[in-house]
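Trainee: Could you build the full structure based on these sequences and the hints that come with them?
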Amino acid sequence: MGVTFAQDPKGPHSTDVAPDTTLEQIEDGGGSVGGPADEDVGVGDRPESQAPARVDLNEPERRLLGDLFAIVSEHAADSAVQIDRDRVQDAFVFACEQHAAQRRKSGEDFIVHPVGVARICAGMRLDTETLSAALLHDTVEDTSASIEEVRARFGEEIAAIVDGVTKLTGITFQSNDQAQAENYRKMMVAMATDMRVIVIKLADRLHNMRTIDAMPKQKQMEKARETLEIYAPLAHRLGIHAIKWELEDLAFATLHPRKYQEIKGLVAQQRDDRERYVSAAGDYLTGELAELGIEAQIAGRAKHFYSIYSKMTRKGREFNEIYDLTAMRVIVDSVKDCYGTVGVIHSLWKPLPGRFKDFIAMPKFNMYQSLHTTVIGPEGRPLEIQIRTHEMHEMAEFGVAAHWVYKQRPGR
Numbered sequence: 001m002g003v004t005f006a007q008d009p010k011g012p013h014s015t016d017v018a019p020d021t022t023l024e025q026i027e028d029g030g031g032s033v034g035g036p037a038d039e040d041v042g043v044g045d046r047p048e049s050q051a052p053a054r055v056d057l058n059e060p061e062r063r064l065l066g067d068l069f070a071i072v073s074e075h076a077a078d079s080a081v082q083i084d085r086d087r088v089q090d091a092f093v094f095a096c097e098q099h100a101a102q103r104r105k106s107g108e109d110f111i112v113h114p115v116g117v118a119r120i121c122a123g124m125r126l127d128t129e130t131l132s133a134a135l136l137h138d139t140v141e142d143t144s145a146s147i148e149e150v151r152a153r154f155g156e157e158i159a160a161i162v163d164g165v166t167k168l169t170g171i172t173f174q175s176n177d178q179a180q181a182e183n184y185r186k187m188m189v190a191m192a193t194d195m196r197v198i199v200i201k202l203a204d205r206l207h208n209m210r211t212i213d214a215m216p217k218q219k220q221m222e223k224a225r226e227t228l229e230i231y232a233p234l235a236h237r238l239g240i241h242a243i244k245w246e247l248e249d250l251a252f253a254t255l256h257p258r259k260y261q262e263i264k265g266l267v268a269q270q271r272d273d274r275e276r277y278v279s280a281a282g283d284y285l286t287g288e289l290a291e292l293g294i295e296a297q298i299a300g301r302a303k304h305f306y307s308i309y310s311k312m313t314r315k316g317r318e319f320n321e322i323y324d325l326t327a328m329r330v331i332v333d334s335v336k337d338c339y340g341t342v343g344v345i346h347s348l349w350k351p352l353p354g355r356f357k358d359f360i361a362m363p364k365f366n367m368y369q370s371l372h373t374t375v376i377g378p379e380g381r382p383l384e385i386q387i388r389t390h391e392m393h394e395m396a397e398f399g400v401a402a403h404w405v406y407k408q409r410p411g412r
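For the sequence shown, this note's numbering begins at 1 and goes up steadily by one.
Where hints are given, some of them may not hold.
Here are the computed lysine-lysine pairs in the DSSO-like style, where the Cα-Cα straight-line distance is at most 30 angstroms [to be verified]:
no., residue 1, residue 2
1, Lys-336, Lys-350
2, Lys-350, Lys-303
3, Lys-167, Lys-217
4, Lys-259, Lys-105
5, Lys-364, Lys-311
6, Lys-350, Lys-364
7, Lys-186, Lys-315
8, Lys-186, Lys-303
9, Lys-311, Lys-350
10, Lys-357, Lys-336
11, Lys-186, Lys-357
12, Lys-219, Lys-357
13, Lys-259, Lys-315
14, Lys-364, Lys-186
Simulated restraints, written as ranges between beta carbons of each label pair [stated by the list, open to error]:
no., residue 1, residue 2, range
15, Asn-320, Arg-225, 22 to 32 angstroms
16, Glu-182, Asp-67, 32 to 42 angstroms
17, Val-335, Pro-382, 21 to 31 angstroms
18, Lys-350, Asn-183, 44 to 54 angstroms
19, Gly-293, Asp-56, 23 to 33 angstroms
20, Met-187, Pro-353, 40 to 50 angstroms
21, Val-189, Asp-272, 38 to 48 angstroms
22, Glu-262, Ile-171, 29 to 39 angstroms
These are computed hints drawn from the structure, not numbers from a lab. Cβ atoms here follow ideal geometry from the backbone N, Cα and C, with glycine treated the same way.
Mentor: Given below as structure tokens:
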């Protein structure tokens with residue numbers, strides 16, 4: 001089994017989150033969270049509520065729904081929950097009705113946004129209630145629909161999630177003080193009795209950041225700062241790194257476009273050499289593990305742009321002084337194989353003192369588990385390696401969201 005690397009970019013406005021999604025996959029991709037949710041809605045554009053479900057979806061609406069269900073299908077085999085497509089479609093139809101006359105700042109139909117949020121949730125393999133609530137999350141805030149209507153049509157569970165997202169949208173953060181930012185994050189978590197509310201809120205911010213170019217420059221800067229101070233740390237606290245990394249990179253690109261482009265260019269210059277190096281090391285390690293009966297999936301992964309920038313500014317280093325631009329990730333079947341693998345790695349390559357960390361025996365506060373080590377690899381170059389099980393990898397990418405899905409599985 002060869003070493004894999006990130007796939008080609010999906011485009012600037014890819015709306016699903018998959019493990020290892022980085023800004024290198026989205027490249028130049030860029031709304032309203034933390035303030036009134038109707039910033040993208042024209043004045044007087046709120047339609048009257050319509051009770052009967054429409055069955056005459058137009059072609060763009062059919063495509064949007066089809067794109068959402070394509071992501072559901074993509075993850076169906078490895079998902080712990082089965083999606084009730086009829087219920088999701090009902091939520092989609094209701095959202096289309098409520099947002100019918102609304103447009104985003106970009107000029108596109110407003111329904112594109114809730115579908116984008118639902119696609120991110122679908123990429124995290126969340127349940128029917130979460131996908132439905134994601135589609136409905138702006139209806140009570142931005143249209144004439146009431147929470148009672150949502151409750152009567154979709155049930156108490158979905159209504160409670162929508163109500164939670166609506167209440168979080170009503171609070172704003174306007175301070176640059178770090179202590180206040182921490183208090184704000186704590187307040188958001190405390191207000192959300194269901195963690196799916198926070199996940200939708202993070203997905204909402206992520207989709208808005210991907211499409212931030214349509215907003216006025218000053219609003220872009222405000223949203224980007226808020227993203228770095230509130231939403232990315234919140235995603236980190238909940239262990240949802242797939243969202244955290246992209247939020248950081250998108251905010252970084254908005255706040256410091258020249259530095260972002262500079263680091264992006266430097267990373268691109270060395271990409272071929274890094275991939276060759278990690279691929280050769282990975283192929284060698286795969287063979288050694290196979291001799292011991294350890295089956296492993298090995299992937300190379302570039303450090304995120306904001307992470308590189310942070311290390312350069314925090315430690316006063318130049319780009320060429322950061323040696324861990326690429327990490328090798330080894331995914332195995334069991335905890336026993338994790339420790340067996342790190343033993344093999346240390347027998348092949350000399351470990352750097354003080355660089356081995358056991359987050360399996362002592363998980364991080366956000367449930368993250370993995371073994372980390374840095375070794376002097378082939379060609380005498382430092383190589384950072386992470387070793388984890390498949391379940392640990394899901395937890396590392398999706399945090400509390402993965403934890404919630406796992407709890408639904410029979411026998412757990």
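Trainee: Look at each hint and say if it fits the structure.
Mentor: Each hint, compared with the structure:
1. Lys-336 to Lys-350: holds (21 angstroms)
2. Lys-350 to Lys-303: Holds, because 22 angstroms separates the two Cα atoms, which is no more than 30 angstroms.
3. Lys-167 to Lys-217: holds (27 angstroms)
4. Lys-259 to Lys-105: holds (27 angstroms)
5. Lys-364 to Lys-311: holds (20 angstroms)
6. Lys-350 to Lys-364: Given pair Lys-350, Lys-364 holds - Cα atoms ~26 angstroms apart, limit 30 angstroms.
7. Lys-186 to Lys-315: holds (29 angstroms)
8. Lys-186 to Lys-303: holds (28 angstroms)
9. Lys-311 to Lys-350: Between Lys-311 and Lys-350 the Cα gap is close to 24 angstroms, so the pair holds against 30 angstroms.
10. Lys-357 to Lys-336: holds (16 angstroms)
11. Lys-186 to Lys-357: holds (28 angstroms)
12. Lys-219 to Lys-357: Between Lys-219 and Lys-357 the Cα gap is close to 41 angstroms, so the pair fails against 30 angstroms, i.e. violated.
13. Lys-259 to Lys-315: holds (16 angstroms)
14. Lys-364 to Lys-186: Holds - the C-alpha atoms of Lys-186 and Lys-364 are around 18 angstroms apart, at most 30 angstroms.
15. Asn-320 to Arg-225: 22 to 32 angstroms: holds (29 angstroms)
16. Glu-182 to Asp-67: 32 to 42 angstroms: holds (37 angstroms)
17. Val-335 to Pro-382: 21 to 31 angstroms: holds (26 angstroms)
18. Lys-350 to Asn-183: 44 to 54 angstroms: Given about 46 angstroms between the Cβ atoms, the range holds.
19. Gly-293 to Asp-56: 23 to 33 angstroms: violated (58 angstroms)
20. Met-187 to Pro-353: 40 to 50 angstroms: This hint holds: roughly 42 angstroms between Cβ atoms.
21. Val-189 to Asp-272: 38 to 48 angstroms: Holds, since Val-189 and Asp-272 (Cβ atoms, about 43 angstroms apart) stay within the stated range.
22. Glu-262 to Ile-171: 29 to 39 angstroms: holds (36 angstroms)
Going through the hint list in order, the structure does not satisfy hints 12, 19.
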